[in-house]
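Chemist: First to last, the sequence lines map onto chains S and G.
Take the first sequence: its position 25, counting from 1, is numbered 25 in the numbering used here, and each next residue is one higher.
If you want the numbering used here, it's the 1-based position in the second sequence plus 112.
Since the hints were made in silico from the structure, they are not lab data.
Some clues are possibly wrong.
Derived BS3-like pairs (lysine-lysine); straight-line CA-CA distance at most 25 Å [unchecked claim]:
id, chain 1, residue 1, chain 2, residue 2
1, S, Lys104, S, Lys68
2, G, Lys164, S, Lys104
3, S, Lys5, S, Lys104
4, S, Lys104, S, Lys56
5, S, Lys104, G, Lys153
6, S, Lys71, G, Lys164
7, S, Lys71, S, Lys56
8, G, Lys134, G, Lys164
9, G, Lys130, S, Lys99
10, S, Lys99, G, Lys164
11, G, Lys153, S, Lys99
12, S, Lys68, S, Lys5
13, S, Lys99, S, Lys54
14, S, Lys99, G, Lys134
15, G, Lys131, G, Lys164
16, S, Lys99, S, Lys5
17, S, Lys68, S, Lys99
18, S, Lys5, S, Lys54
19, S, Lys104, S, Lys71
20, S, Lys68, S, Lys56
21, S, Lys54, S, Lys71
22, S, Lys5, G, Lys131
23, S, Lys99, S, Lys56
24, S, Lys71, S, Lys5
25, G, Lys153, G, Lys134
26, G, Lys164, S, Lys5
27, S, Lys68, S, Lys54
28, G, Lys130, S, Lys71
29, G, Lys130, G, Lys164
30, S, Lys5, S, Lys56
All values reported here derive from a predicted model rather than from experimental measurement.
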Amino acid sequence: DQQVKQNSPSLSVQEGRISILNCDYTNSMFDYFLWYKKYPAEGPTFLISISSIKDKNEDGRFTVFLNKSAKHLSLHIVPSQPGDSAVYFCAASVGSNYKLTFGKGTLLTVNP
Amino acid sequence: ETGVTQTPRHLVMGMTNKKSLKCEQHLGHNAMYWYKQSAKKPLELMFVYNFKEQTENNSVPSRFSPECPNSSHLFLHLHTLQPEDSALYLCASSQAEGLSNQPQHFGDGTRLSIL
Numbered sequence: 001d002q003q004v005k006q007n008s009p010s011l012s013v014q015e016g017r018i019s020i021l022n023c024d025y026t027n028s029m030f031d032y033f034l035w036y037k038k039y040p041a042e043g044p045t046f047l048i049s050i051s052s053i054k055d056k057n058e059d060g061r062f063t064v065f066l067n068k069s070a071k072h073l074s075l076h077i078v079p080s081q082p083g084d085s086a087v088y089f090c091a092a093s094v095g096s097n098y099k100l101t102f103g104k105g106t107l108l109t110v111n112p
Numbered sequence: 113e114t115g116v117t118q119t120p121r122h123l124v125m126g127m128t129n130k131k132s133l134k135c136e137q138h139l140g141h142n143a144m145y146w147y148k149q150s151a152k153k154p155l156e157l158m159f160v161y162n163f164k165e166q167t168e169n170n171s172v173p174s175r176f177s178p179e180c181p182n183s184s185h186l187f188l189h190l191h192t193l194q195p196e197d198s199a200l201y202l203c204a205s206s207q208a209e210g211l212s213n214q215p216q217h218f219g220d221g222t223r224l225s226i227l
């Protein structure tokens with residue numbers, strides 16, 4: 001049973017517009033959430049994280065929102081750029097981040 | 113070199129071969145991890161080492177044998193693998209297990225194909 005779900009395998013947006021990637025989780029014990037980006041033939045790269053004591057964390061063009069009651073988080077990228085085209089993974093953990101549970105990923109394509 | 117380096121990048125082996133995957137990190141981290149990513153599946157944690165001690169074995173078959181001689185190096189010894197073991201194997205490192213808000217840093221992975 002998947003504890004972290006990314007229900008959209010792919011997303012396509014126009015350059016300059018907002019990209020919204022979604023992630024749902026089932027384990028209410030998760031209290032730390034991360035987003036990773038992965039280009040082909042490279043390993044995942046850490047993007048941004050959020051702890052359950054917050055509902056929003058922002059870093060430049062990237063903002064993560066956490067809705068604990070809905071067990072839902074989302075990653076907003078504004079404005080989207082062609083270089084953002086990659087697979088985005090949502091991950092979650094209980095307590096420390098050593099045991100991450102990942103979603104299957106969403107392929108984002110930003111069209112020029 | 114910086115970051116997390118994995119070798120080889122690609123490996124093709126028969127089911128009776130013995131091979132090893134290597135991971136080295138230059139980030140001064142004390143925790144290291146092996147993950148497996150099969151097609152159309154999420155990354156699955158296999159092993160965790162914290163200060164050279166194994167702290168997690170996620171029910172991994174014994175044909176996968178990890179080794180962590182020091183905090184900078186991690187190996188995955190492979191023996192008598194099955195075709196379903198074909199996957200991308202990713203190594204990661206982080207500050208010591210138990211420290212919050214310390215993301216894991218990944219290598220580029222070894223693409224393993226079992227014939």
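Chemist: All hints, please: hold or fail.
Modeler: For each hint, the structure was consulted:
no. : hint                  : result
1   : Lys104/S <-> Lys68/S  : 21 Å, holds
2   : Lys164/G <-> Lys104/S : 29 Å, violated
3   : Lys5/S <-> Lys104/S   : 7 Å, holds
4   : Lys104/S <-> Lys56/S  : 23 Å, holds
5   : Lys104/S <-> Lys153/G : 6 Å, holds
6   : Lys71/S <-> Lys164/G  : 35 Å, violated
7   : Lys71/S <-> Lys56/S   : 14 Å, holds
8   : Lys134/G <-> Lys164/G : 15 Å, holds
9   : Lys130/G <-> Lys99/S  : 28 Å, violated
10  : Lys99/S <-> Lys164/G  : 16 Å, holds
11  : Lys153/G <-> Lys99/S  : 17 Å, holds
12  : Lys68/S <-> Lys5/S    : 15 Å, holds
13  : Lys99/S <-> Lys54/S   : 21 Å, holds
14  : Lys99/S <-> Lys134/G  : 21 Å, holds
15  : Lys131/G <-> Lys164/G : 21 Å, holds
16  : Lys99/S <-> Lys5/S    : 17 Å, holds
17  : Lys68/S <-> Lys99/S   : 20 Å, holds
18  : Lys5/S <-> Lys54/S    : 21 Å, holds
19  : Lys104/S <-> Lys71/S  : 17 Å, holds
20  : Lys68/S <-> Lys56/S   : 11 Å, holds
21  : Lys54/S <-> Lys71/S   : 13 Å, holds
22  : Lys5/S <-> Lys131/G   : 34 Å, violated
23  : Lys99/S <-> Lys56/S   : 23 Å, holds
24  : Lys71/S <-> Lys5/S    : 11 Å, holds
25  : Lys153/G <-> Lys134/G : 23 Å, holds
26  : Lys164/G <-> Lys5/S   : 32 Å, violated
27  : Lys68/S <-> Lys54/S   : 10 Å, holds
28  : Lys130/G <-> Lys71/S  : 44 Å, violated
29  : Lys130/G <-> Lys164/G : 23 Å, holds
30  : Lys5/S <-> Lys56/S    : 20 Å, holds
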